[in-house]
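**Q** Sequence:
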Amino acid sequence: MAEPAARVLDTAEAVEPIAASVRDLRLKFPGDGPLLFRDLSFQAKRGEKILLLGPSGCGKSTLIQVLSGMIPRAVEVPMKCADQLHPSSWAYVFQDPDTQFCMPYVDEELAFVLENLQVPRDHMRDRMREALDAVGLKLPDMHTPISTLSQGMKQRLALASALLLEPEVLFLDEPSALLDPEGREQIWEAVKAVSGDRTLVIVEHRIDEMLHYVDRVVLFGPEGQILGDGRPDFIFGDYRQELKQYGIWHPGVWQEFRSTQPERSSRLVEGRVPGQLKGGPLTETGNPAPVLELNQFQVLRRKQPIVHVDEARVYPGDFTAIIGHNGAGKSSLLLGLMGLLPFTGMYRLGEQVIPAGSQRRVRKQREQALRRIGFVFQNPELQFVCERVLDEVAYSLIVEGYTPEKAMQEAEVCLARFGLKGLEDRHPYQLSTGQKRRLSVATAMVRKPDVLLLDEPTFGQDARNTFAILELCQELNEAGTAILMVTHEMEIAHQAAREIWEIGQGRLLSRQTSRGMYDKEACAAKAESFSSVVEVGV
Numbered sequence: 001m002a003e004p005a006a007r008v009l010d011t012a013e014a015v016e017p018i019a020a021s022v023r024d025l026r027l028k029f030p031g032d033g034p035l036l037f038r039d040l041s042f043q044a045k046r047g048e049k050i051l052l053l054g055p056s057g058c059g060k061s062t063l064i065q066v067l068s069g070m071i072p073r074a075v076e077v078p079m080k081c082a083d084q085l086h087p088s089s090w091a092y093v094f095q096d097p098d099t100q101f102c103m104p105y106v107d108e109e110l111a112f113v114l115e116n117l118q119v120p121r122d123h124m125r126d127r128m129r130e131a132l133d134a135v136g137l138k139l140p141d142m143h144t145p146i147s148t149l150s151q152g153m154k155q156r157l158a159l160a161s162a163l164l165l166e167p168e169v170l171f172l173d174e175p176s177a178l179l180d181p182e183g184r185e186q187i188w189e190a191v192k193a194v195s196g197d198r199t200l201v202i203v204e205h206r207i208d209e210m211l212h213y214v215d216r217v218v219l220f221g222p223e224g225q226i227l228g229d230g231r232p233d234f235i236f237g238d239y240r241q242e243l244k245q246y247g248i249w250h251p252g253v254w255q256e257f258r259s260t261q262p263e264r265s266s267r268l269v270e271g272r273v274p275g276q277l278k279g280g281p282l283t284e285t286g287n288p289a290p291v292l293e294l295n296q297f298q299v300l301r302r303k304q305p306i307v308h309v310d311e312a313r314v315y316p317g318d319f320t321a322i323i324g325h326n327g328a329g330k331s332s333l334l335l336g337l338m339g340l341l342p343f344t345g346m347y348r349l350g351e352q353v354i355p356a357g358s359q360r361r362v363r364k365q366r367e368q369a370l371r372r373i374g375f376v377f378q379n380p381e382l383q384f385v386c387e388r389v390l391d392e393v394a395y396s397l398i399v400e401g402y403t404p405e406k407a408m409q410e411a412e413v414c415l416a417r418f419g420l421k422g423l424e425d426r427h428p429y430q431l432s433t434g435q436k437r438r439l440s441v442a443t444a445m446v447r448k449p450d451v452l453l454l455d456e457p458t459f460g461q462d463a464r465n466t467f468a469i470l471e472l473c474q475e476l477n478e479a480g481t482a483i484l485m486v487t488h489e490m491e492i493a494h495q496a497a498r499e500i501w502e503i504g505q506g507r508l509l510s511r512q513t514s515r516g517m518y519d520k521e522a523c524a525a526k527a528e529s530f531s532s533v534v535e536v537g538v
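Note that the sequence shown covers residues 1 to 538 in our numbering.
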């Protein structure tokens, strides 16, 4: 389809209150059957703070790309509309920060923005430092390779780059998805501090830190249709049934989850004897044998230790949540356990010692042993190897010895359980970020490994898919799979995990049962804060 005619807002048009709009939008991704949007109309007024809320894959991110003009100008997607108004000054923060960067170093990335604004070189350093401070990205040296930053730190950098543009309209596509709780609060405080009269259009699943700030919520259904549009108290009050029906995050959703899963909650929170579910091997003393054991374990990067674990054990059927600030070393620990980063110390998987070293024979032995582990990267695209969604899941089974026919049958069942039915023929890169994440989790879970390592598997997910992933984790637990999950969602750590590991400054600082860390008063206060939005409005 031809690119639609679009008007560009002239900032001199003070009488025009609209910052961005589209009317009668129709859009279809190549290879898809139905239209994503069917005659959708949307507008954002100048100065409005708008939250787009809806289930994963409903088109929220696509809509803000249309509003900004990226679709179809930069991203060729067939679309047409009756009328379109683009802002003349705007900035965009993507779900995946790696897609946003143009330069290899932090200071060069920020300088690239300032050069385009013709900022004098001698003024750049102070402007860059102010932007990094505003988003809480503390770096001893700004000339730091972006590739060495954690995903959460990259997300802060992406927001800092956007803020340097001083845009009239700011499009935010889940800017806090990979941040720890303190980081999320800091990010939204930074957004509030710089937004002023700017227009904000926000896509976000995590709503607690910013719900009191937005003045309008637009609620979407799974087919990309607008279900409701109004103030937060109106949407979360009058559309509560739709929020539940479509599994969209809303105030009190965790309390509802607990109330509908009493048996499951008691199994998880009360704790259980490690290894009891599997009835696995026992030690000489009659106690369950660990499936994973570490002693003086260090993960290295450029021959320097970046994560240290004095001692830790994981048993069959365990669920361990790994928490900590961005950049603490959580993802690096998982990469070390997968042998993707070098390590030293004792690492035992079942009865087999995993050898360290870089010799070819040692690497081959290590790779063979680590096939017992399933792994989900923080960036899901890093693990895709096929050109069809169905083939991606089936491949995981074929390498385990399944016949192609059996693998395809199992893969179709798995995709349905992960809410990906109907997307079998789509290329994995054409999925939404939330769908990519579910596919990456599916490829790892379908093998039912002895140990499953998950790096932020629920980011970008709506409530329904988050709970579905947790339920599948519980099923694997009961079958004997031990799970280690890096997460910034403390509700997941408290509700699903048997044990919580805290990583800080490159060390395993503590290991506690989730029941011991469960702060009922804090959770009750959060629930009351959410309820106030519905009861008294914002």
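No wet-lab data here; the hints were simulated from the structure.
Just so you know, not all the hints are guaranteed correct.
[Said to hold, decoys possible] Listed next, the in silico SDA-like pairs over lysine to any residue satisfying Cα-Cα at most 20 Å (straight line):
{"id": "1", "residue 1": "49", "residue 2": "189"}
{"id": "2", "residue 1": "138", "residue 2": "127"}
{"id": "3", "residue 1": "45", "residue 2": "166"}
{"id": "4", "residue 1": "138", "residue 2": "504"}
{"id": "5", "residue 1": "244", "residue 2": "491"}
{"id": "6", "residue 1": "49", "residue 2": "246"}
{"id": "7", "residue 1": "138", "residue 2": "108"}
{"id": "8", "residue 1": "28", "residue 2": "18"}
{"id": "9", "residue 1": "138", "residue 2": "189"}
{"id": "10", "residue 1": "45", "residue 2": "108"}
{"id": "11", "residue 1": "28", "residue 2": "98"}
{"id": "12", "residue 1": "192", "residue 2": "231"}
{"id": "13", "residue 1": "138", "residue 2": "120"}
{"id": "14", "residue 1": "244", "residue 2": "229"}
{"id": "15", "residue 1": "28", "residue 2": "447"}
{"id": "16", "residue 1": "49", "residue 2": "223"}
{"id": "17", "residue 1": "303", "residue 2": "127"}
{"id": "18", "residue 1": "49", "residue 2": "17"}
{"id": "19", "residue 1": "406", "residue 2": "352"}
{"id": "20", "residue 1": "421", "residue 2": "388"}
{"id": "21", "residue 1": "421", "residue 2": "450"}
**Q** Against this structure, judge whether each hint is valid.
**A** Each hint tested on the structure:
Distance restraint check for residue 49 and residue 189: the Cα-Cα separation of roughly 14 Å lies within the 20 Å cut-off, and the hinted pair is therefore satisfied. A distance of roughly 15 Å separates the Cα atoms of residue 138 and residue 127; the hinted pair therefore holds under the 20 Å criterion. Among the hinted pairs, residue 45 with residue 166 is consistent with the structure: their alpha-carbon atoms are about 18 Å apart, no more than 20 Å. Pair hint residue 138 plus residue 504 holds up; C-alpha atoms about 16 Å apart against a cutoff of 20 Å.
Annotation: proposed proximity of residue 244 to residue 491 holds, straight-line Cα distance about 18 Å (limit 20 Å). Taking the CA atoms of residue 49 and residue 246, the gap is near 24 Å; set against the 20 Å cutoff, the hint is violated. Pair hint residue 138 plus residue 108 holds up; C-alpha atoms about 16 Å apart against a cutoff of 20 Å. For the suggested pair residue 28 and residue 18, the alpha carbons sit about 26 Å apart, so the restraint of at most 20 Å is broken.
Taking the CA atoms of residue 138 and residue 189, the gap is about 16 Å. The hint holds against a cut of 20 Å. Our distance criterion of 20 Å between C-alpha atoms is broken by residue 45 and residue 108, whose separation comes to about 34 Å. Our distance criterion of 20 Å between C-alpha atoms is broken by residue 28 and residue 98, whose separation comes to about 25 Å. With a CA separation close to 18 Å, the supplied pair residue 192 and residue 231 stays within the 20 Å bound.
The suggested pairing of residue 138 with residue 120 is violated, with an alpha-carbon distance near 24 Å, which exceeds 20 Å. For the hint pairing residue 244 with residue 229, the CA-to-CA distance comes to about 17 Å; that is within 20 Å, so the pair holds. For the suggested pair residue 28 and residue 447, the alpha carbons sit about 34 Å apart, so the restraint of at most 20 Å is broken. Of the pairs offered as hints, the one joining residue 49 and residue 223 is violated, with about 24 Å between alpha carbons and a cut-off of 20 Å exceeded.
For the hint pairing residue 303 with residue 127, the CA-to-CA distance comes to about 34 Å; that exceeds 20 Å, so the pair is violated. The hinted pair formed by residue 49 and residue 17 meets the criterion: a straight-line CA distance of about 14 Å does not exceed 20 Å. Among the hinted pairs, residue 406 with residue 352 is inconsistent with the structure: their alpha-carbon atoms are about 30 Å apart, more than 20 Å. Taking the CA atoms of residue 421 and residue 388, the gap is about 13 Å. The hint holds against a cut of 20 Å.
Restraint check: the Cα-Cα separation between residue 421 and residue 450 comes to about 27 Å, which exceeds 20 Å; the hinted pair is violated.
Violated hints, listed in ascending order, are 6, 8, 10, 11, 13, 15, 16, 17, 19 and 21; each of the other numbered hints is respected by the structure.
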